[in-house]
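Listed here are the chains, written in short residue letters.
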Amino acid sequence: MTLKGYFEPTLAAARTGAAWAWESIYHDLAGPVGGYLRGHSAPDVEDLVSETFLSVAKDVHRFRGDEGDFRSWVFTIAHRRMQDAWRSRGRQVPVVDSDLADVRAEREWLGNVEHEAMTSMSLIEVHALIDHLTADQREVLLLRVVADLSVADAAKIMNTTEGAVRALQNRALSALRKDFTRDA
Amino acid sequence: MRNKSGNHSDDISDMDKTRPFSDRDADALLSGRAPSDPSLMGLHRALASIKSSLVVEPNVERASVFAVQLASVAATVQADAALAPRRGAVASPWRRRVAAVIAVAAISGFGVAGAAAADEAAPGDLMYGVDQALESVGILDGGTGERVHEAQKLLDGGDVAGALELTGDALESDGHVEAATGLRNAALAVASQSSGDDLRAQVSAMLEWMAGQDSRDAEFGAAVSERARQITGNANGNENADGHANGDANGNANGNANGDANGDANGDANGDANGNANGDANGDAIGDANGDANGDAIGDGNDNAVIPADPGSQGGVPETRGTPDETVGKP
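Note that the protein sequences, when read in sequence, are chains A and B.
Counting the first sequence from 1 gives a position; this note's numbering is that position plus 6.
Counting the second sequence from 1 gives a position; this note's numbering is that position plus 4.
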């Protein structure tokens with residue numbers, strides 16, 4: 007939601023193929039899209055982010071709506087790309103406290119020292135917290151917190167009602183709080 | 005998933021933690037604002053930390069390379085989408101007939117008021133298709149005047165480039181090919197940079213002028229071409245506005261500080277500007293004025309320096325006096 011007043015002209019320019027417009031759209035959304043996929047432990051996050059934006063570029067001439075709609079639309083695409091990726095390789099959600107943990111540590115923790123130094127929680131700690139949630143709770147949490155979407159937008163992406171999203175987010179927060187206070 | 009049952013039993017044994025917050029606090033937590041309940045601050049920080057750990061800002065260089073790729077994909081698809089229906093419309097007389105049927109149905113269905121409403125439609129509106137269908141069978145005036153009117157609406161909606169393109173299309177169908185090309189170039193220039201308010205005012209002025217013209221002769225076409233060139237120039241100019249501004253500001257600031265600061269600061273701005281002017285101007289004047297501004301500094305500095313016996317100007321003024329005096333001796 008950082009483009010605000012510039013969104014309309016940026017979108018118009020993006021449709022006509024202006025590189026600066028795509029740069030600002032990518033800059034605005036690539037971080038959260040990657041975070042959303044990372045939170046879901048999606049395979050090959052960087053590839054999925056690229057695929058998502060290529061789909062956006064291919065279909066942007068058909069998109070109608072404001073910046074909030076656009077954000078929601080991009081995450082809908084990311085969500086589908088992720089599901090496709092899982093389907094194509096057979097669903098295997100990595101589990102933190104198995105022998106996969108050290109593989110992940112090598113790839114995600116040691117591999118991104120700079121980023122880790124900037125944040126107070128390592129990806130492993132994050133997953134230790136959110137992997138305890140049910141899949142639906144995690145989805146709501148990531149859509150609301152990482153993707154910055156409204157309850158209504160999250161409901162649309164999850165194909166459910168706003169009431170269900172509110173119930174899920176309350177349960178997710180309760181579970182997180184309990185885990186968090188216990189860990190602390 | 006494997007934890008669902010575990011959480012569930014915990015929930016039952018620990019009821020006060022299952023609903024520990026209001027909907028308002030839940031919304032605050034999820035959207036990154038601080039909750040009103042202070043006992044939730046830990047959770048608030050945990051969520052912020054989860055977010056910042058998961059979200060990695062994209063690499064700037066890679067982003068700009070990828071942006072070029074995305075732009076070319078969008079442009080290719082856009083071009084294909086624009087070509088496909090147009091080709092169909094030209095190729096098939098069938099489509100014209102369908103359009104006529106739609107138009108007749110539209111007129112009988114929603115009457116003259118409805119047709120008027122369709123006539124008001126700008127591209128992108130639901131009614132625009134009806135508007136064009138009516139025009140294609142000659143029911144509404146689909147000429148340049150109407151397109152200009154539609155372009156003004158696009159402009160009100162903030163679509164500067166769209167307005168220019170639409171006007172360009174209209175002019176081309178009137179035979180003003182050169183003016184149309186000019187407007188399309190202007191649209192491209194506008195689309196390639198983001199700041200729009202000045203340009204919008206300019207395009208708006210041009211459209212108003214076009215709407216007010218009765219004849220559409222060669223003179224009219226030439227005038228439109230000229231305005232389009234100005235818009236293109238401004239659009240390209242704006243892009244570099246920041247760069248120029250910096251360059252000029254530095255250039256002038258130095259020039260004036262060395263030359264005028266001595267004269268003006270002492271003479272006119274005794275009360276307010278002495279503090280700054282003396283402090284800053286001395287620094288520069290001593291260093292630079294020697295080399296560059298000998299002539300001015302000598303004249304103004306000496307003349308004015310005598311006048312301000314103003315008590316506000318003590319600080320560094322004697323030094324400025326000193327410097328030009330010294331420079332007097334040098335040549």
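It should be emphasised that the hints constitute simulated quantities derived from the structure, not laboratory data.
Model, not experiment: these values are computed from the prediction.
Check the hints yourself; a few may be wrong.
Simulated coverage check for chain A against chain B, where a stretch passes if three residues somewhere in it have a Cβ under 8 Å from a Cβ of chain B [stated by the list, open to error]:
#	region
1	39 to 45
2	50 to 62
3	76 to 89
4	168 to 176
Here are some chain B residues pointing at chain A (derived, C-beta under 7 Å) [stated by the list, open to error]:
#	residue
5	S26
6	A30
7	M45
8	H48
9	L51
10	S53
11	S57
12	V59
13	V69
14	A71
15	V72
16	L74
17	V77
Built from N, CA and C at the ideal position, the CB exists for glycine as well.
May I ask which of the numbered hints given earlier this structure violates, with the numbers listed in increasing order?
3, 5, 7, 8 and 13
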